[in-house]
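Student: Each chain, letter by letter, is given below.
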Amino acid sequence: MHELFADTGSLTRFVFRRDRIQILIWLIGIIGFTVVLAPVFDNLYGTEAELAVMGETMQNPAMIAMVGPVYGIDNYTTGAMFANMMLVFMAIIVAVMNIFWVTRHTRQDEELGRMEVVRSLPVGRLAKLSAAIISALILNIIIAVVTGLGLTAFGIDSLNLEGSMLFGTVMGAAGFFFAAATAVFCQLTANNRTATSFSFIFLMLLYLLRAAGDLKSETLSLISPLGLILRTKVYVDNYWWPIWILLGVTAAAIALALYLSKIRDLGSGLLPARPGRSTASPLLSSPLGLSFRLLKTSLLIWSGTIFLFAAMYASIFGDLESFIDSNEMLRAIFAQNTDFSFAEQFIVLLMAIMSMISTIPVLSAMLRVRTEEKLGHAENIFARAVSRTQQLAAYFIPAFIMSILLLLLTAFGFWSIGSITMNNAPSLKTFLQAAFIYLPAIWIMLGLSMVFIAYLPDKSSLVYIYLGYSFISVYIGAVAQLPEWTKKLSPFGLTPQIPVDDMNVPIVVILTAVALVLFAVGFWGYRRRDMKM
Amino acid sequence: MSMVKIENVTKRFGRFTALDKVNLTLEEGEVYGFIGPNGAGKTTAIRVLLGILQATEGKATIFGYDAWKKAVEIHKRIAYVPGDVNLWPNLTGGEVIDLFVRLRKGNNKVYRNDLIERFDLDPSKKCRTYSKGNRQKVALVAAFASDADLYILDEPTSGLDPLMESVFQECVMEAKKAKKSILLSSHILSEVEKLCDTVGIINQGEIIETGTLTELRHLTRTSISVKTAQPITGLKGDPHIHDLQENPAGLVFSVDTEALGTVISHISQFNILNLESTPPTLEELFMRHYEQGGEK
Numbered sequence: 086m087h088e089l090f091a092d093t094g095s096l097t098r099f100v101f102r103r104d105r106i107q108i109l110i111w112l113i114g115i116i117g118f119t120v121v122l123a124p125v126f127d128n129l130y131g132t133e134a135e136l137a138v139m140g141e142t143m144q145n146p147a148m149i150a151m152v153g154p155v156y157g158i159d160n161y162t163t164g165a166m167f168a169n170m171m172l173v174f175m176a177i178i179v180a181v182m183n184i185f186w187v188t189r190h191t192r193q194d195e196e197l198g199r200m201e202v203v204r205s206l207p208v209g210r211l212a213k214l215s216a217a218i219i220s221a222l223i224l225n226i227i228i229a230v231v232t233g234l235g236l237t238a239f240g241i242d243s244l245n246l247e248g249s250m251l252f253g254t255v256m257g258a259a260g261f262f263f264a265a266a267t268a269v270f271c272q273l274t275a276n277n278r279t280a281t282s283f284s285f286i287f288l289m290l291l292y293l294l295r296a297a298g299d300l301k302s303e304t305l306s307l308i309s310p311l312g313l314i315l316r317t318k319v320y321v322d323n324y325w326w327p328i329w330i331l332l333g334v335t336a337a338a339i340a341l342a343l344y345l346s347k348i349r350d351l352g353s354g355l356l357p358a359r360p361g362r363s364t365a366s367p368l369l370s371s372p373l374g375l376s377f378r379l380l381k382t383s384l385l386i387w388s389g390t391i392f393l394f395a396a397m398y399a400s401i402f403g404d405l406e407s408f409i410d411s412n413e414m415l416r417a418i419f420a421q422n423t424d425f426s427f428a429e430q431f432i433v434l435l436m437a438i439m440s441m442i443s444t445i446p447v448l449s450a451m452l453r454v455r456t457e458e459k460l461g462h463a464e465n466i467f468a469r470a471v472s473r474t475q476q477l478a479a480y481f482i483p484a485f486i487m488s489i490l491l492l493l494l495t496a497f498g499f500w501s502i503g504s505i506t507m508n509n510a511p512s513l514k515t516f517l518q519a520a521f522i523y524l525p526a527i528w529i530m531l532g533l534s535m536v537f538i539a540y541l542p543d544k545s546s547l548v549y550i551y552l553g554y555s556f557i558s559v560y561i562g563a564v565a566q567l568p569e570w571t572k573k574l575s576p577f578g579l580t581p582q583i584p585v586d587d588m589n590v591p592i593v594v595i596l597t598a599v600a601l602v603l604f605a606v607g608f609w610g611y612r613r614r615d616m617k618m
Numbered sequence: 009m010s011m012v013k014i015e016n017v018t019k020r021f022g023r024f025t026a027l028d029k030v031n032l033t034l035e036e037g038e039v040y041g042f043i044g045p046n047g048a049g050k051t052t053a054i055r056v057l058l059g060i061l062q063a064t065e066g067k068a069t070i071f072g073y074d075a076w077k078k079a080v081e082i083h084k085r086i087a088y089v090p091g092d093v094n095l096w097p098n099l100t101g102g103e104v105i106d107l108f109v110r111l112r113k114g115n116n117k118v119y120r121n122d123l124i125e126r127f128d129l130d131p132s133k134k135c136r137t138y139s140k141g142n143r144q145k146v147a148l149v150a151a152f153a154s155d156a157d158l159y160i161l162d163e164p165t166s167g168l169d170p171l172m173e174s175v176f177q178e179c180v181m182e183a184k185k186a187k188k189s190i191l192l193s194s195h196i197l198s199e200v201e202k203l204c205d206t207v208g209i210i211n212q213g214e215i216i217e218t219g220t221l222t223e224l225r226h227l228t229r230t231s232i233s234v235k236t237a238q239p240i241t242g243l244k245g246d247p248h249i250h251d252l253q254e255n256p257a258g259l260v261f262s263v264d265t266e267a268l269g270t271v272i273s274h275i276s277q278f279n280i281l282n283l284e285s286t287p288p289t290l291e292e293l294f295m296r297h298y299e300q301g302g303e304k
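One line per chain: the protein sequences are A and B, in this order.
Residue numbering for the first sequence follows the numbering used here, beginning at 86 and increasing consecutively.
Residue numbering for the second sequence follows the numbering used here, beginning at 9 and increasing consecutively.
Hints listed in this document are in silico derivations from the structure and should not be mistaken for laboratory results.
Quick reminder that beta carbons are idealized off the backbone N, C-alpha and C, glycines included.
Check the hints yourself; a few may be wrong.
Label-pair distances were calculated between CB atoms; the ranges are [stated by the list, open to error]:
#1 A/G198 / B/K29: 31 to 41 Å
#2 A/S501 / B/P97: 31 to 41 Å
#3 B/E201 / A/L197: 44 to 54 Å
Each computed EDC-like pair below joins lysine to aspartate or glutamate, with the alpha-carbon atoms no more than 16 Å apart [claimed, not checked]:
#4 B/K140 / A/E196
#5 B/K77 / A/D615
#6 B/K13 / B/E65
#7 B/K187 / B/D155
#8 A/K459 / A/D615
#9 A/K459 / B/D92
#10 A/K617 / B/D92
Construct all of the structure, not just a fragment, from the sequences and the given hints.
Tutor: Written out as structure tokens, the structure is:
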């Protein structure tokens with residue numbers, strides 16, 4: 086038995102050595118985000134009356150489906166609300182970290198041939214998998230303990246020590262459960278990509294199972310670990326039993342993963358790999374055909390996500406009036422303009438945010454052309470009768486189509502659900518106008534990424550930083566009342582938020598013109614530079 | 009008209025000079041062996057020819073067209089196999105072959121299935137599962153399935169097994185018979201010896217030797233092992249004789265190929281019982297130049 090695990094210790098240490106920066110970023114990101122939000126929530130909903138209204142809003146079925154049932158409504162404290170809104174999402178984020186962590190240290194290493202090298206050394210057959218699991222356990226324990234302590238640090242009454250420790254433990258335990266589940270999927274599938282997608286589909290299914298269960302049947306929720314963890318009723322009753330159940334299931338999953346790993350061959354999976362097509366479909370005969378093939382999955386997922394996002398926001402449009410009315414801070418944001426309802430003002434702000442989120446897939450489709458170059462794929466393309474312009478256009482066209490499609494989906498998602506939940510819902514035309522006004526801003530970001538690709542290919546992901554700045558200046562700017570000029574440095578801030586703002590034709594024309602110039606410069610520059618691996 | 013002509017091409021990456029005034033000519037129907045150690049500049053030269061890199065100075069033309077400006081036009085008539093074949097992990101080998109053939113536009117696919125069979129490739133597998141050799145086969149099938157006038161092959165056999173290597177050599181011979189031109193960069197010198205008419209040796213970004221194999225052999229030494237009835241005298245001190253050794257089988261030495269005739273007629277006075285001569289291999293040629301390159 087010991088033979089199988091020989092030298093797990095050194096491999097575990099090596100994993101920490103290899104990924105120390107990545108670990109730091111994950112931990113600071115996750116723990117920091119959770120802990121920092123506690124005082125924000127405390128300030129945002131200061132009075133008992135506000136909390137009570139918030140509790141009512143959270144009982145809306147759409148919100149229950151999103152974050153889970155409301156506990157402790159009779160005495161809805163800041164803690165109860167914080168756990169209600171945050172717990173399931175934080176558990177998911179930790180789960181995502183664990184999925185990436187385990188696939189990275191097992192299946193990916195195997196695919197890249199590193200596992201082979203490790204296995205040729207005097208280490209046990211299960212040592213690499215054990216090292217991945219042990220390191221995941223350590224990370225989850227750190228998250229549990231530091232988050233727990235961090236949440237108590239602000240001295241908010243309702244965020245007591247036991248509740249906070251339970252909150253952290255839920256995050257860690259849920260994360261570790263997904264580490265174990267991913268370890269099982271890594272044995273079943275034949276490559277890294279399939280293992281990762283199986284794990285994410287599993288996560289999604291459990292989330293949906295919980296959503297259905299929380300609305301209809303308690304049993305379904307208890308079956309889903311994401312539902313089970315909410316039954317801890319953190320900051321209300323602080324039950325620990327769901328944790329013990331989850332840890333038991335996790336231990337069983339780990340045992341299963343180790344067993345499967347022992348009986349399978351290196352480089353293969355237990356599920357048979359399907360043979361693919363031996364000839365290409367007629368669509369796959371141009372750079373554009375190829376780029377659509379490469380981008381297809383991620384574009385579909387983004388389209389679905391954006392629509393879902395929009396629909397979820399729209400499901401609370403109906404409760405917006407009472408919600409904003411009851412909250413002093415939100416009232417401050419939306420009070421300046423009396424011609425439009427709070428709901429309408431909130432919708433234009435959401436539209437700005439959705440347009441910036443939609444920019445992410447647009448940029449990632451465009452930047453794929455640079456990735457193709459880095460991976461050495463582009464060399465194969467350019468060695469054939471394909472011009473630089475054709476190749477760049479092959480990624481520009483999907484990106485451009487996405488910019489329009491995603492705004493269309495946003496407007497449609499807002500309108501379709503919004504017209505059910507609101508009494509005086511704006512027309513589809515209004516939603517479309519409010520969405521498409523952001524097209525020039527998205528195009529400027531797209532054009533900027535092209536200029537980067539043409540002139541500073543190694544730095545091209547810097548364009549995401551500008552997008553991040555836009556997000557902060559527009560979104561946080563609205564909440565924290567940042568000076569007006571910070572918004573003006575971003576195309577999204579410059580765009581008039583119609584229908585609440587007046588239409589500003591010159592600005593829109595200028596933004597569009599700038600975007601067109603950036604496109605042209607990108608295409609021009611890409612033709613005259615060396616390819617870089 | 010030359011198929012490929014590189015004239016005084018220099019390529020610099022920042023302060024690093026990857027190619028230094030390189031000249032290379034490939035005539036129609038010729039097979040050109042391009043040899044040199046790792047990092048000598050072979051791949052850079054090929055990328056300049058493909059218009060993937062732009063020459064800092066000098067001129068590279070294929071079919072008489074500028075390699076950078078007319079890349080698309082040129083590429084309709086060439087086939088290329090990269091040294092490091094990077095393919096899309098989620099596409100199958102068959103899909104990649106078809107894509108590559110189609111991207112050259114207006115090609116027949118007659119040989120495709122025949123070649124897949126000869127190279128023993130499973131086209132229904134995803135590229136992520138292919139070994140280096142199998143990825144190379146994908147690139148080779150795509151290249152030979154296209155009816156090109158010029159084949160540019162960058163170390164195409166470094167991952168192939170001996171059986172597949174001989175399939176590759178057959179393919180090259182067939183192309184040669186069909187009067188196609190081939191630029192073959194390689195490490196496997198026996199392969200170059202077997203296939204190539206002309207050889208160019210590059211080291212540290214400079215072409216240090218070029219010519220037909222026969223011409224190049226003249227620059228080197230032939231190994232001689234000889235046994236005579238009377239002991240041979242007069243060889244010691246001859247500037248053309250090297251590594252002279254005496255062993256039970258007789259005398260062993262190497263001689264500058266240009267002095268071979270005089271040395272043989274000198275030896276024949278001593279009543280030859282047995283004589284073996286080994287022509288210089290490309291390997292020795294290569295090693296000599298390689299070492300010289302190292303000394304610079």
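Student: Determine for every hint whether it applies to the structure shown.
Tutor: Results for each hint:
no.	hint	result
1	A/G198 / B/K29: 31 to 41 Å	holds (40 Å)
2	A/S501 / B/P97: 31 to 41 Å	holds (38 Å)
3	B/E201 / A/L197: 44 to 54 Å	violated (36 Å)
4	B/K140 / A/E196	holds (13 Å)
5	B/K77 / A/D615	holds (13 Å)
6	B/K13 / B/E65	holds (14 Å)
7	B/K187 / B/D155	holds (12 Å)
8	A/K459 / A/D615	holds (12 Å)
9	A/K459 / B/D92	holds (13 Å)
10	A/K617 / B/D92	holds (14 Å)
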